[in-house]
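Colleague: Given the sequences, and given the hints that come with them, work out the whole structure.
2 protein chains.
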Amino acid sequence: MYYGGIEAGGTKFVCAVSDEHQQIIARTKFATTTPNETIIKINTFFSEYSVVRMAVGAFGPIGINPDSQDYGYVKETPKKGWQHFNFLGELKKIFHIPIVWTTDVNVATYGEYKMGAATNKSSALYLTVGTGIGGGLIYKNNVFQNWNHPEMGHIMVSPMHKDKYTGNCPYHKSCLEGMASGPALEARANQKALAIPKDDPLWNLEAFYLAQAAMTYTLLLLS
Amino acid sequence: MYYGGIEAGGTKFVCAVSDEHQQIIARTKFATTTPNETIIKINTFFSEYSVVRMAVGAFGPIGINPDSQDYGYVKETPKKGWQHFNFLGELKKIFHIPIVWTTDVNVATYGEYKMGAATNKSSALYLTVGTGIGGGLIYKNNVFQNWNHPEMGHIMVSPMHKDKYTGNCPYHKSCLEGMASGPALEARANQKALAIPKDDPLWNLEAFYLAQAAMTYTLLLLS
Numbered sequence: 013m014y015y016g017g018i019e020a021g022g023t024k025f026v027c028a029v030s031d032e033h034q035q036i037i038a039r040t041k042f043a044t045t046t047p048n049e050t051i052i053k054i055n056t057f058f059s060e061y062s063v064v065r066m067a068v069g070a071f072g073p074i075g076i077n078p079d080s081q082d083y084g085y086v087k088e089t090p091k092k093g094w095q096h097f098n099f100l101g102e103l104k105k106i107f108h109i110p111i112v113w114t115t116d117v118n119v120a121t122y123g124e125y126k127m128g129a130a131t132n133k134s135s136a137l138y139l140t141v142g143t144g145i146g147g148g149l150i151y152k153n154n155v156f157q158n159w160n161h162p163e164m165g166h167i168m169v170s171p172m173h174k175d176k177y178t179g180n181c182p183y184h185k186s187c188l189e190g191m192a193s194g195p196a197l198e199a200r201a202n203q204k205a206l207a208i209p210k211d212d213p214l215w216n217l218e219a220f221y222l223a224q225a226a227m228t229y230t231l232l233l234l235s
Numbered sequence: 013m014y015y016g017g018i019e020a021g022g023t024k025f026v027c028a029v030s031d032e033h034q035q036i037i038a039r040t041k042f043a044t045t046t047p048n049e050t051i052i053k054i055n056t057f058f059s060e061y062s063v064v065r066m067a068v069g070a071f072g073p074i075g076i077n078p079d080s081q082d083y084g085y086v087k088e089t090p091k092k093g094w095q096h097f098n099f100l101g102e103l104k105k106i107f108h109i110p111i112v113w114t115t116d117v118n119v120a121t122y123g124e125y126k127m128g129a130a131t132n133k134s135s136a137l138y139l140t141v142g143t144g145i146g147g148g149l150i151y152k153n154n155v156f157q158n159w160n161h162p163e164m165g166h167i168m169v170s171p172m173h174k175d176k177y178t179g180n181c182p183y184h185k186s187c188l189e190g191m192a193s194g195p196a197l198e199a200r201a202n203q204k205a206l207a208i209p210k211d212d213p214l215w216n217l218e219a220f221y222l223a224q225a226a227m228t229y230t231l232l233l234l235s
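Residue numbers (the numbering used here), protein chains in the order written: chain B, 13 to 235; chain G, 13 to 235.
To be clear, the hints were calculated from the coordinates, so they are not data collected in a lab. There could be a bad hint or two in this list.
When chains are identical, the list treats them as one kind, so a pair holds in a single copy or across two.
Claimed, not checked - The calculated EDC-like cross-link candidates involving lysine to aspartate or glutamate, where the alpha carbons are at most 16 Å apart (straight line), are:
id, residue 1, residue 2
1, Lys-92, Glu-49
2, Lys-152, Asp-79
3, Lys-133, Asp-79
Modeller: In structure tokens form, the structure reads like this:
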């Protein structure tokens, strides 16, 4: 029995097939281009395997509330061509099997909970820092999901003393993502994050913002 | 059939008895003094009614995780004599009936959910601003409670431009409570909050902090 998984990233897609022992037996990776091209590539890859269930973790924001009209859709995103694309709907036209769908960070959180760092825990919070900042929460053994999905990267933060950077979030400017994402760090350093020396004070600044966010998550979600 | 309710505040206690139609048939109020004196007053009031169940909403922080050693206890509080007091344990010695116990704000949140502003909603967030700032969350028809209870008032906030006040929280100085509680507002105004004119810019400042907190709660708890 085979299962399909799709990690739908804003930069690249990863598709994989596993057997019933969670062993990956096939995997492919391709750049994220237009929705139509992407759907064709997904179809081509999975057509060689008779998968019985599929799970999708997608870059957001996406509609994951089954009671909402935008369920299954990619919502407002800077990613060209993907705005208001009925992603889940298109997948369901091709694959006539049950498909579960949530955000990329919810999928990663759930993975850590089921088979990773949070195995045997009833609560877990997962945070990823890259081009953006996003997070997911396991609450009492389930993915926490209220009206739609948390936006952990967009909370406002108290700025670090002497930090003159004003933030680069297109929506909030100086929210956590605006102050502590990869591009925000690189804008201050004027070089790639990987090239910033380990003893550069910028890493302390990065830690300041992430620790502050961790405090907020702890007070609101984990306490 | 009678039910007992206790609102255990840091300044005053309110005890009430209701019938099975949620009609309050008796009520008393007294200043919060020592734990021993308070327990005696509670006992005296309820001894006239044969209540079959009791609910307590207490000022915090308190232990509300049944799996934790501090369950039923008042924890670290500036309130003299109440630190590490086994409040629920003392009540159970007197009343041999089922007693449920949670924070004052959780009780208020649940009240709004069952019979108030959030009737027929599956999610609700309640925030109170007074001497301190506290909040509770209803998530999928239940009180949200992870390890213990949220501390909504103690999240860090981005300061308002030109606000020179540095905050009065004894733990975090400039967290939400430190910047926007009643005493924080009064410290800036140098007068009682009720005496501050409605058109004073301080109210705009207060709204700035509460709106920022509401944004954070929405992104993390309600989205």
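Colleague: Output the numbers, in ascending order, of every earlier hint that fails for this structure.
Modeller: Hint check: nothing fails, all pass.
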